[in-house]
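What follows is each chain in one-letter form.
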Amino acid sequence: MKIAVCVNHVPDTAAKINISSDGKSIDNTGVTYVVNPYDEFAIEEALKTKEKFGGDTIAISLGNESNKETLRKALAMGIDNAVLLKTEEYYDSLSVAKALAAEIKAQNSGLVFFGKQSVDFDNSIVGQLTAELLNYNCVSVVVEFELKENKIIADREIEGGKEVVETLLPAVITTQKGLNDPRYASLKGIMAAKKKVIEEKTLAKPNNFTEVIGMKKPAPKQPGKIIGTDSSAVPELVRLLREEAKVI
Amino acid sequence: MFIGVDYFNIESLLNEEERMVRDSVRLFVTEQVLPIIENHYQESIFPLSIVQKLGELGLLGITFPQKYGCAEMNNVTYGLAMQELERGDSGFRSFCSVQSSLVMYPIFTFGSQEQKDFWLPKLATGEKIGCFGLTEPDYGSNPGGMMTKAEKVENGFILNGAKMWITNGTISDIAVVWAKLDGEIKGFLVEKGIKGFSAPEMKGKHSLRASVTSELILEDVFIPEKNILPKSKGLKSPLMCLNQARYGIAWGVVGSMMACYDSALNYAKTRIQFEKPIASFQLIQQKLVFMLSEITKAQLLNLQLGRLKDRGEVTHAQISLAKRNNCEMALEVARTAREILGANGILSEYPVMRHSANLESVKTYEGTHEMHTLIIGEDITGISAFE
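Residue numbers (our numbering), protein chains in the order written: chain A, 1 to 248; chain B, 1001 to 1387.
It is possible that some hints are incorrect.
[Claimed, not checked] Selected chain A positions facing chain B (in silico; Cβ < 7 Å):
#, residue
1, S186
2, L187
3, I190
4, M191
5, K194
No lab work stands behind these hints: they were computed from the structure.
Don't be surprised by glycine CBs; every beta carbon is placed ideally from N, CA and C.
Start from the sequences, fold in the hints, and give me the full structure.
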């Protein structure tokens, strides 16, 4: 079985993001990039599945030269092969999905893991679109994954509980926090990754249906409010949480 | 995730492999060490459960050959790993330093092929733990005067003596013990449980509390012939080990500095006095700038030291300079952070007091600040002030 895992290279969640002078992209000065955190669950599940059933794992990433860093990390964690779908262009979600679907088809992979969303643009859609384009089954936001021959039983996280879903291969699984504990890239893994070759495929210009025309920063946070310092403030606190913040 | 302190884009001077290792260790420390370390420090317990994980990650004996189960990476990578571990805790980093630089290094450098084949793979996984017995109650800065003696007998040696301030001693499976054989210092592998050998833990430390410190007591201990380190020769051999350890310490304390600076900077920006963040006061800014400057200088010093070491060009005096400077400055940075945090600085909620107390030891172990001053003094004048 060939297991594919699609990984994205995103700004570190701890990075301070500024908008660049064109007003529609982020300023990369001083921003470090990391493996999309949800994709780490995807990598780990691909590795666990391989360890259990054998087969071959491949990581696929769409982006520029710097995405190699994320692919290298996937290799260091234990993924066997890596492909960079190389482009300097902006790809909207459907364009990304089309390019990934073509590569997955070329790789003849019947089980594909994605993080449930990329923390850069947060569309939470690429996995599902890719499944549709490939005519694969799809289970999203998975927190438990079990494979028996060609049958998949997966727990999906839903509001207030879990939904247990059964489906068949070929399938796309999008992974959620809680599915597993991603392993650390060990020093031996990092050494081994150095010897592996990342295959590069240059992409043609995308045919996008959406375009980013601007970026805005969120409104500055309102200052907090102190309503009292002892237990007499509790009723007012409860009232505000219920009526103003509407969180209880 | 902690993003480090890198005011001079030193990141750009590292290769991809070095950055990956640093990031992996950084994540490991954030997830596995920081959540438990304060408690271990308070209770004075070494986090033994993490040793196996250190082995799995490949952090024990980073620079040694792959055939012994090690990563065979360069000295800069080793330094970066020590830096990240010490961001967790100096005592915790000490464990790795001792295992790598003071146990695996002498076995690798002075050991027989059988000793290397048997011990190095087990020490690399953390299945076996080691310690290094050089210092004695009456011989600290002057190890050449050691009293521990080895006597040749049939099929081996009899060792007598006592060692003190031995990191990992009580939890060790193997001790590299230095003793005089016919007046010449030689290394011996002393295995746990052997008759006449004990390693009681030293109690009552106010520093390095998450690390085990022990005495080694040797009373007519029989060491088989095969357990002498055949290529060890004189005081130079243990000093070569210390050089490795000092190199790691020079890097390690930068991790402590980063933890203290990060804590102080965040505190200063959020602590309100006189209706404004204390970071707005000139005296606080001056302290923060001092800390950042010293971190940056230490980082650059370490990187060049590591590059020299990787090219085989480093001198022991250069290692002394980095160890001396960085430890002194790390202690100053920790104390300065404590000043910024005021009363909160002494609480376990912040890492500052723990680092500060740890660094009191780090400044004096593996050669005191003063001894390193005299080592460099001798190097530049050609005149030894202590011999």
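Comparing the hints with the structure gives:
| no. | hint | verdict |
| --- | --- | --- |
| 1 | S186 | holds, 5 Å |
| 2 | L187 | holds, 3 Å |
| 3 | I190 | holds, 5 Å |
| 4 | M191 | holds, 6 Å |
| 5 | K194 | holds, 6 Å |
Consistency note: the structure conflicts with none of the earlier hints.
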